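Novice: Here are the chains, one letter per residue:
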Amino acid sequence: MTLDEYFAIGRTIDLGSYTFDADAIKAFARRYDPQPFHLDEHAAAGSVFKKLCASGWHTAAVWMKLNIATGLAGSIVEWDGPGPRPVFGPSPGLRNLKWLKPVYAGETVSYTRKALNHRALSKRPGWRVLTVSGEAFDSTGDKVMQFDSGVLVEAE
Amino acid sequence: MPASKWAFEDFVAGASIDLGTRKVTAEEIMAFASEFDPQPMHLDEAAGKASILGGLSASGWHTCAMFMRLLCDGMLLDSTCQGAPGIDYVKWKHPVLAGDKLTARLKIIATRISRSRPALGLVTLHSEMLNQHGVSVFEQENTIMFLKRDSGAAA
Chain U
25 MTLDEYFAIG
35 RTIDLGSYTF
45 DADAIKAFAR
55 RYDPQPFHLD
65 EHAAAGSVFK
75 KLCASGWHTA
85 AVWMKLNIAT
95 GLAGSIVEWD
105 GPGPRPVFGP
115 SPGLRNLKWL
125 KPVYAGETVS
135 YTRKALNHRA
145 LSKRPGWRVL
155 TVSGEAFDST
165 GDKVMQFDSG
175 VLVEAE
Chain L
1317 MPASKWAFED
1327 FVAGASIDLG
1337 TRKVTAEEIM
1347 AFASEFDPQP
1357 MHLDEAAGKA
1367 SILGGLSASG
1377 WHTCAMFMRL
1387 LCDGMLLDST
1397 CQGAPGIDYV
1407 KWKHPVLAGD
1417 KLTARLKIIA
1427 TRISRSRPAL
1437 GLVTLHSEML
1447 NQHGVSVFEQ
1457 ENTIMFLKRD
1467 SGAAA
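Going line by line, the protein sequences match chains U and L.
In terms of my numbering, the first sequence is numbered consecutively and its last residue is 180.
In terms of my numbering, the second sequence is numbered consecutively and its last residue is 1471.
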């Protein structure tokens, strides 16, 4: 088995879906993004979004929730390549996060991930950075969010 | 309704805005992680200490959300904000640990009027959070849309 096979490079993995009910939208917004269009239907009606919609960070955090629930690569396939099993570490960051369409209350959003590539870290021998693309689609099939994130992996 | 403090015209390239500080508690780290990122280093002190992060540490998504709250309280809620199309990049540069005190600030990189909607301006921001030791833990660059002060909806 190669690292490419272990990471499922190029294969889109379905992470499942999540329904953004109004209470969950408001609860997240009260803690982290209390803008009127995320907190209150009436205020949202007079806003640029016209209806109550989820914080973009709520939409993004649910990607991580479903990503973890699906399991990182090692929980989907057994490592049988040479050397020790690769171990996933923290993420150095993300790029090109786009909120393409509002996620309104009641919307069910489907999430995916796809590992794109990986490379050795010259500053950290024994570690690689894996780039993973995340996407989210609403019930009409429109893409509502996308981003590319990195994750450090301890691997030969 | 009183006019917002911050409209598009108030953002000047090169200027900085202080957004205040926030204490990061173990309870909040674990609550966010339980819901959105249930990995051991975000849920358990011992697992965090044993990890490369060196202690009970906030999910990177939680760090983004905490910055968003500082941005809201420090500026956005008293502005003509019309949302943001996305984030150019986020860097999780250093672990955010239980007990940390984060200070956020931003610098205005560029401003321009929307071509398709002249009442709207786009402001590109570089944001950063430092911990209590002065170490930069988080960086972000993105563009946020604001109405101009003289647009009808801004007042």
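Fair warning: there could be bad hints in the mix.
[Claimed, not checked] In silico EDC-like pairs for lysine to aspartate or glutamate, Cα to Cα no more than 16 Å straight-line:
1. U:Lys-147 / U:Asp-104
2. L:Lys-1407 / U:Glu-159
3. U:Lys-138 / U:Glu-180
4. U:Lys-122 / U:Glu-159
5. U:Lys-122 / U:Asp-172
6. U:Lys-89 / U:Glu-159
7. U:Lys-122 / L:Asp-1389
8. U:Lys-89 / L:Asp-1394
9. L:Lys-1407 / L:Glu-1444
10. U:Lys-50 / L:Asp-1404
11. L:Lys-1409 / L:Glu-1455
12. L:Lys-1339 / L:Asp-1389
13. L:Lys-1423 / L:Glu-1455
14. L:Lys-1464 / L:Asp-1394
15. U:Lys-122 / L:Asp-1394
Quick caveat, the hints were computed from the structure, so don't treat them as lab data.
From a predicted model like this one, the values you see are computed outputs, not experimental measurements.
Novice: Hint by hint, note whether the structure agrees.
Specialist: How the hints compare with the structure:
1. U:Lys-147 / U:Asp-104: Violated - the C-alpha atoms of Asp-104 (chain U) and Lys-147 (chain U) are around 27 Å apart, more than 16 Å.
2. L:Lys-1407 / U:Glu-159: violated, 19 Å
3. U:Lys-138 / U:Glu-180: The given pair, whose Cα atoms are some 22 Å apart, is violated under the 16 Å limit.
4. U:Lys-122 / U:Glu-159: Given pair Lys-122 (chain U), Glu-159 (chain U) holds - Cα atoms ~10 Å apart, limit 16 Å.
5. U:Lys-122 / U:Asp-172: Holds, at roughly 10 Å.
6. U:Lys-89 / U:Glu-159: Distance ~13 Å between Lys-89 (chain U) and Glu-159 (chain U) Cα, so the pair holds.
7. U:Lys-122 / L:Asp-1389: Violated, at roughly 23 Å.
8. U:Lys-89 / L:Asp-1394: Violated, at roughly 31 Å.
9. L:Lys-1407 / L:Glu-1444: Answer holds: Lys-1407 (chain L) to Glu-1444 (chain L) is near 9 Å, not above 16 Å.
10. U:Lys-50 / L:Asp-1404: Measuring from Cα to Cα gives roughly 26 Å; hence the hint is violated.
11. L:Lys-1409 / L:Glu-1455: holds, 8 Å
12. L:Lys-1339 / L:Asp-1389: holds, 14 Å
13. L:Lys-1423 / L:Glu-1455: holds, 11 Å
14. L:Lys-1464 / L:Asp-1394: holds, 14 Å
15. U:Lys-122 / L:Asp-1394: Judged against 16 Å, a Cα distance of about 24 Å means the pair is violated.
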